[in-house]
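Make a model of the complete structure from these sequences and hints.
Keeping their order, the protein sequence lines are chains A and B. Reminder that position 229 of the first sequence reads as 229 in this note's numbering, one-by-one numbering, no gaps. Reminder that position 19 of the second sequence reads as 264 in this note's numbering, one-by-one numbering, no gaps.
There's no promise every hint is true.
In silico SDA-like pairs for lysine to any residue, Cα to Cα no more than 20 Å straight-line [to be verified]: (1) A/K183 to B/T482; (2) A/K236 to A/D56; (3) A/K60 to A/E46; (4) A/K214 to B/E355; (5) A/K183 to B/R520.
None of these hints come from the bench; they were simulated from the model. None of these values were measured; they are calculated from a predicted model.
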Amino acid sequence: MNFLVKIAGATTLAVALAATAVSAQTIRMGTEGAYAPYNFINDEGEVDGFERDVGDELCKRAGLECTWVTNEWDSIIPNLVSGNYDTIIAGMSITDERDEVIDFTQEYFPPDPSTYVGLAGASADVTGMVVAAQTNTIQAAYVASSGATLVEFATPDETIAAVRSGEADAVLADDAFLKDIVKASGGELAFVGEPVNIGGGVGMGIRESDTELKDKMNAAITSMKEDGTLSALIAKWFDGRVVKY
Amino acid sequence: MFEYCADPSTLSGFDWWSCYLTTGKHFSFYQSFGTVLTLLALTVPLILVFGFAGALARRSRVLPVRWFGLGYTSMVRGVPDIIFFLFALIALDQGIEYLRHLVLCPDWTEPIRQGNDFRVCPQAKMPLGSSPQWVHEVYGFGLATVGFAIVFGAFAANTIFGALEAVPRAQLETGAAFGMTPRQIFWRIHLPQMWVYALPGLSNLWMILIKATPLLFLLGVEDIVYWARELGGSKTTRFAYPHGDWRLGYFIGLLVFYLALTWVSERVFERLTRRVSRGQASLGGAVT
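This is how it looks when you write it as structure tokens:
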């Protein structure tokens, strides 16, 4: 019902849109919405999480109006580049490979070690295992080069489900994401092997040609780091983790 | 939704479920059923239009038109749907923005292609960056409708082309013998008799179309499969309603929905077939 009204409205609006000039520019923030606590869709169907708080604060400080959109991880960079939204704020680690295609702001979250999680009591020899990772992540690249057998999945949730079902022996992902999962599993899942340090900090992805937006966001991140709001948000969402900027 | 849902952690049993199934996220899920059904209802007429245009182009007496028809049906049928949706539709979207850019911002001096980036002036964005999210959704939905129509239209064109060829030639010659013009022969004899040959193929297409809707998510339209996966995935205590991996339950729900839709379609196609077979010189027509 609601939808039909929208369609009826859209036809009239499309005509009106062509005529009106743009007033204040709205920045569209692209995220994945499936990587708690960085970003997830809460029970109201809204984008929520650490990055929602950071992003809203950054927009306020930069004097921008922002709306949130979700996009699946696999096509998150192509859709930024073709202009469907203006930023990627989705727990994306800054890597040289990605930096060739898009630009990053300075980091708003420090480098986080990646950890392996398997069924409790699994062997600790991660190189001989079948390891699950999300497609197009630094973890997937790392597993492929580590000698372990890589199985890729489109969403983070599916990588965990693969471990539970025995399809993979372990999953490699950011420590902060896995901590929640291990805690909630009630002893079914456990960390295995040693954490690995891969990738830089997490930054906001922005089109290379969008230098103005990048400068604004960089300034806003600096101001959040200086007055301690960023550290407070990290402590709030990552179980009291202490990060000094 | 209900007042007693304010603190879900204290609930259990029926109360918990009544709150869980009425969260905002679940309403988005229920609404996506409407999205899918609306998409199906809107694409079917378009598919038939594309199908007829393609089939008639292939039968045209003008060689370039025939080539065009053949090119359309062969190329679109040969390209995997997922590639078509990712590239052809993004190209269509950028094409629209490029044209708007040329018209609306003639003074813009920066190049549109900057490395990997596609940059048009803000006024040329489709939809405008400042327009509310639902406009973006409707636009994505519109693109999806056109995409489905082009892809499935090519398959329909082939089916309809085959059906037009299958009508016994003697029927058309009889028409000519009665002094009908080619136009009259087409509308009064050829077209009505074609349906009985086209329907089995078209019903196949319809069934495939029903199942192809998850492709919508490639265009940012959140369909039922997306929501089922999102809702069914295990939820930690960050969420108000933590639970384990419930994807199986949600997908069984989808299974019931798809089976029901298929069952209804079967009935409808059965009746349609009976209707178009009436008085035809075929087995189906002879029964009635």
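Comparing the hints with the structure gives:
1. A/K183 to B/T482: holds (9 Å)
2. A/K236 to A/D56: holds (15 Å)
3. A/K60 to A/E46: holds (19 Å)
4. A/K214 to B/E355: holds (18 Å)
5. A/K183 to B/R520: Violated, because 62 Å separates the two Cα atoms, which is more than 20 Å.
Going through the hint list in order, the structure does not satisfy hint 5, though it satisfies all others.
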